[in-house]
Each structure stands twice: as C-alpha cells, then as structure tokens.
Amino acid sequence: AYPFIPLFERIFGFTSSVRLGELADLERPLLKDLAIRAPGTFQHSLQVANLAEAAAKSIGANAGLVRTAALYHDIGKMDQAKYFVENSDGTNYHQELEPEESAEIIINHVIKGAELARKKGLPSVITRFILTHHGTTRVEYFYTQAVEKNEDVDVTRFTYPGPKPVSKEETLLMIADSLEAAAKSLQDPSIEDLKDMLENIVRHKINQGQFEESALSFEELEIIKDSFLRTLKSIYHGRIKYPESQA
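Each number in my numbering comes from the position in the sequence shown (counting from 1) with 2 added on.
If you are wondering where the hints come from, they were derived from the structure by calculation, not from laboratory data. Bear in mind that the values here come from a model prediction, so they are computed numbers and not experimental data. Possibly wrong hints are sitting among the right ones.
Cβ pair distances, simulated, as ranges [as the list claims (entries may be wrong)]:
hint: 1; residue 1: Lys84; residue 2: Thr146; range: 34 to 42 Å
hint: 2; residue 1: Gln45; residue 2: Asp198; range: 22 to 30 Å
hint: 3; residue 1: Ala184; residue 2: Tyr95; range: 19 to 27 Å
hint: 4; residue 1: Gln189; residue 2: Asp81; range: 25 to 33 Å
hint: 5; residue 1: Glu117; residue 2: Glu194; range: 36 to 44 Å
hint: 6; residue 1: Asn152; residue 2: Ser18; range: 29 to 37 Å
hint: 7; residue 1: Lys235; residue 2: Gly92; range: 24 to 32 Å
hint: 8; residue 1: Asp195; residue 2: Ser90; range: 41 to 49 Å
hint: 9; residue 1: Gln189; residue 2: Gly164; range: 32 to 40 Å
hint: 10; residue 1: Asp35; residue 2: Glu215; range: 18 to 26 Å
hint: 11; residue 1: Lys122; residue 2: Glu142; range: 24 to 32 Å
The beta-carbon is built from N, C-alpha and C at its ideal position, and this holds for glycine as well.
Let the hints inform the model, and build the full structure from the sequences given.
Here it is, written out as structure tokens:
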C-alpha cells in the first residue's frame, strides 16, 4: 500500500501522516539548505515547531501537520537572510534603506516562501501555513519609521498580503511564531514577564482582526495559551548561578 500513498494524496487532495513525517526529517535537502543559509531562522523554526506542536496536542489538533509546517514557514528568508535579525552578524543592513524598502524585504519572505514551496513540490496545505503565519498584519517597526518621516504613508506597503489563518493549526502557528520571536528579546524573563508577553501578543492579534476567520474557539485559545506558557517556562527556566572559579 505504501507506494500508492502519493497517488491517493494527489487524487483526493490530502497529506498523509506518512508524508508529513518524511517532510519533518531535518535531513531533507530544503531544511538542510535553510540551516546553512539562514541558521538563525532554522533555530527559530525548531522552537516554533516545539511550541506549536505542544499547543496542538493540548486541543486535539493535528500536531504532526503544525510541526511540519513550522519547520518550513520561514523558508522564504533564505533569499535575503542577513536582513532578518535572527541571522544578524551585528550589522544593521536596513540602516541604508528607506522604511518602504525594508518592509518590502520583510514581507517578501512570505511571498518567496510560498513560491519556493510550490517549486519544491511541498503540499498545498504547507504552503497555506507560509502564507497565513503573518496574516494581514503590519510590519510595525518600519511603518512607525515611515510615519515619523512622512504623515502621508501608504499602509498597504507595510501590510502582509495574507490570507488570515482559518484552521486551528494555522492560527496557533501564527501565535507561536510571534511568541518565539518576542521571547528572545526578554532578558532573563520571569513567569509574569512571559505571561504578560503572551497576553499582549494574543490581544494584539485579536485587535487586528487576525482571528476573524479562524476555527479556533475562545475556550481552545485559553487552553493553547496555557500550553505556550508551560513550554516557554521549560525553555526559560531559572538557572543556578555557579560561583566563579578561584583557580
């Protein structure tokens, strides 16, 4: 039956758990390429995968699907990796660019990621995660810069094309992506710091209307928030400060 699985997937338009398991193998050429060309993004994707997988399990969603999608969601960053902070070598490559140019580079990682996914034959369901993980949010940092320079700013140039997430898995990946990126900016965070950050991110997404089309219920949202917090606590747990050696 195994050789017929790809045929059935193509005919009936579904992606099997077997296929997802194959795609999640970190030895896959596309993931190895990501690890080499954008190592910071690769590590970010691994952490997002851990956050999203645990959250999916907590509500009975498809954990295998969301983990696999998380590994590929930022593959579009390979094209211009140095412009993304997690791959920074200490140089601010946006310094010489106008805010509109910087925003275009950031937004294009979604567009180019979807194009690369199609080119490499990834399932369409994975491509949707790439397109929806920022929904129709704004690139706030560069939008604010543009407004400070000029009051007459075309907001569409700073807005991701979407679409917004629809499935539960797409929605929790969106949250996990923002959460992991924001957590890195905290210095030795307490549990309260992590909880406040999580609440702020979720509230911001709701205020921006990013969950309007989502199948995720408010009850499930509370459950995955608890899951995210548990996972974050395990990553950022307090560490013993060892005394310096006297030798």
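Checklist entry - Among the hints numbered above, which are violated by the structure, and what are their numbers in rising order? => result 1, 6, 8, 10
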